[in-house]
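Work from the hints to combine the two standalone chains into their complex.
Chains as they are written, first to last, in our numbering: chain W, 1 to 75; chain G, 1 to 468.
Some hints here could point you the wrong way.
Simulated restraints, written as ranges between beta carbons of each label pair [as the list claims (entries may be wrong)]: (1) G/Lys-242 with W/Glu-16: 20 to 30 Å; (2) W/Thr-51 with G/Glu-183: 22 to 32 Å; (3) W/Ile-67 with G/Gly-218: 47 to 57 Å.
Think of the hints as simulated: they come from the structure by calculation, not from any bench. Beta carbons: idealized from backbone N, C-alpha and C, even for Gly.
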Amino acid sequence: MLEKIRELICNYVEVEPEEITENSRFMEDLNMNSYDFMCLLGDLEAEFDVTVDESEILEIHTIGEAIVYLENLKK
Amino acid sequence: MKEIDINGSVIKCYPLSAAQRIHNYTIKYCPTQVLCIGTGLYIQQPVNFSILKECIYKAYEMYETMRLRFIKDEEENVYQYIVPFEEREIPLVDFSAWNEEDAHNEMRRWTAVPFERYNSPMNQVVMIKLPDGFNGVYLKVDHMTMDSSSIIGFNRAILEIYCSRCYGLDMPKPLKSYISQLEKDLAYEADSSARKRDEEFWTKEISSSEPMYTDFSGQGRLLTQRLENNNPDQRWAKVVSKSPEASISVYSLEEEASMRLMKFCELYNVPMASLLLMGLRTVLSKFNDNEKDVSVKTCVARRGTLSEKLSGGTRVHFFPLRTVMEPEMTFLEGVRMMQTEQSRIFRHANFDPVELTMKRAAYWKSQPGTSYESISLTYQPLTAKQYVRNVPDIPYKSYWYTNGVAGQPLYLTVMHRPEDNGLNFNFEYRKDAVTEQEMQYFYYYLCRVLFRGIENEMRTIGDILNMI
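Excised from the complex, chain G in its bound form (with noise of 0.2 Å):
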């Protein structure tokens, strides 16, 4: 903690965590990177604008993290404060005249508009009216101060004050405080003994043995750039662009199929990640020659304790998740040992993710902007449904919107629709990486692996892969 003068008031700072050097480092070496993440919840009933402004204020009065705000010191060290209250005028936009699409495209315009990033607000909300009735708030936040899970939490907040105010139903619950937890962090990255632990975890790992990497699109850029480096056993590839456009493709599993999919997990005691960590490991597999040992990076949300849980913040840690399954072991047993890696994962998940790329990349004398996985996976188990959990009968919808740019070539999101509980598969892809028809190919793959593994879970590895 440092304190320091700003604007005439000495102000206590705070380093950044690590959850958040990931995506300083990403700036520092993608200057292009945009961090911003959009959302839109509405819901389809009058809105009275003036006290929906007045409920803003006061989700901002309880969310510390959307009072957060960067400084640099005189060394070009970032530091992190809160400001006491948020002052800014909300302003209404009307889009009730627009085209719909229309008006999503605009949001998704103002999405791909970064922050200032110094002693400056690094959120903005607009309060929105849609065709069809329907109204709400677009919230624009930094990735640096919030993760999808905080921003959850602060649109839920906006509607459950709402509606106390509208109804008379229950205020939300008093959060935990930001700083309280960046301090627990803090903590734990000096030189605690639980840092050291998961340090020899993560030294063992690397050191175990070289992974290898498999691409989504086939054994093409690994081949390619053995050629260009003259080293027939290179085992990583490169994956980071100066192009770093991005798009999205979303794919919509029926609720019929992805009820199929909940019941295995269900019956066999196993997360929905680890099914989907399964089938994703498995197509790259046969996209890669049958390739036996397969690393893809997951998603950590790091939100266990009720401190964690509730004080917003951006906590996301991405770890790589390395499997090497013979084509004998069913698939039922690949999904435990998912589980289980997963589980020795989530053990170890404080430890900066950015401090494992290096070591790892130093012990395999990588080349830089190198990597052994080519997708990151995030299954989002919370549904938009859980934004309305007090005023379950309002007709609503919630958006996300992209920012237009992705530092890494495939990153894919499984959420629940609100509507049925289906799967939706989102696919952020570099446009300078894959295309809209790998990404079909890719999807189409990945539910022939699912299907046939959950229609019998004593089918072995080596059948699926000859079967699809």
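If we strip away everything but chain W, and leave its shape as in the complex, we get (with noise of 0.2 Å):
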């Protein structure tokens, strides 16, 4: 699920993939905005087939807390 995320991230911002870490914060980290990050969320959902909650996610700020996010959405 990483290496996904690390590729659509970088469909967002100018990073290098192996720069983004489960322990990278999207804001600060990444330097991606709330509606750079509702976007992301947009391809997560396509890409992994689950619907989240916008009031959810506004909880997350790490790479590692979205996989664990999306993890229990799969289950």
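This is the structure in structure tokens:
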């Protein structure tokens, strides 16, 4: 899942995939803004065939948290 | 896509995007509307104008949207196409012996002159000499081709190319293709599943319940129109006018006070736009008998992917942002509600705002030219400092020149000042709808709400409404 998320993030910000880790924060480390983040969520929904809840995802700050959230949705 | 014969050459022409159709719609129904935006970027040092001219041509080469033109077919449908290169002369105007304010007023006058709309360039670049050794570029573009993000990008490209030529700095990075991005946008509109999902979202939003119009000057407009229409339950109000003459009032919030707002956003991890929207909706509530149901129009720049960020063009969509807040809700809860609402809108922001407006009017049977929102807000996080990211030591100044007309009654743009990062509140208002005194009054209340809210984020909305 991390690889796919890296690939999708690179569509939004100028960053090398290997620089993206589970500890990377979307806003502070990857310089994504809230619009980028919401669009990325749309991509993740399509990629992993899940539906996210807008109020829940505001609590997600790192790639690792996103992976845990998406894995729980897929269960 | 359609191939059209233009001056003996068969050229690929594309339909307008949803963001462009908004402007086309405005011109169709308000022919006196002017879509020009004027900007000036000036650096305080001698400039080699023959090199600068070459740099401007190079920037034209890099930026497809600076070579965008429009054409109408036999059925009056508007299409767009790109010409391969820019060949017009780029003039130099010397204002160095002028009073500076007169020079800027002259450029404001240039900005009020619309472009020929079809088969003609939609921008103009003039090299400028100002008093006190400032030299640079005036740029006028038609809003149907570029928005503020594109304009900043083009100005920055000129400066970076110039610095590359004169000081050996890096050339700007290559841009993305405007036409490739346009093709993606048009594919979205052509019955895609994403568009269907967005249409379902907005249809559900519209039918949930009817919003309430809240005016920036109080309940007078709505109450008068209720009487005129003999409809005591009317919740919308007429906002269009045949007299679009506009003015701008700029209020500068001090550096320290602006910093307090930014620190609040950082501390609670909320976007500045959410805080400003919370301030706006609370003032509207105050001015409308503490109305709980308040809507404002919010700007979505729609530049997420690198292709969207770097392809130029005009991409801005405005959407209604409606919140119903009880007086017991705390200020912070209100800001968070704003953030959630913005996030919901972001996910469906590719939907055509004109179609949304028409759907809503049809559903609630409101009259043409009416709305539930009296104010539009744009928060511009890009500072003018980003114009000169590679040449930080050169003193410079940047200007936005008004074209003197506005379609909507009140349009607030909040931007950071380049010199100290403080916030400027630019109120562009239609003169027949608002007075400058009303603007001052509104700004005063907006600041009171914001600072009452951030000094104690657990203060309730009801308390804030009582305090201000």
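Going through the hints against the structure:
1. G/Lys-242 with W/Glu-16: 20 to 30 Å: 55 Å, violated
2. W/Thr-51 with G/Glu-183: 22 to 32 Å: 28 Å, holds
3. W/Ile-67 with G/Gly-218: 47 to 57 Å: The hint (47 to 57 Å, Cβ to Cβ) holds, given that W/Ile-67 and G/Gly-218 are roughly 51 Å apart.
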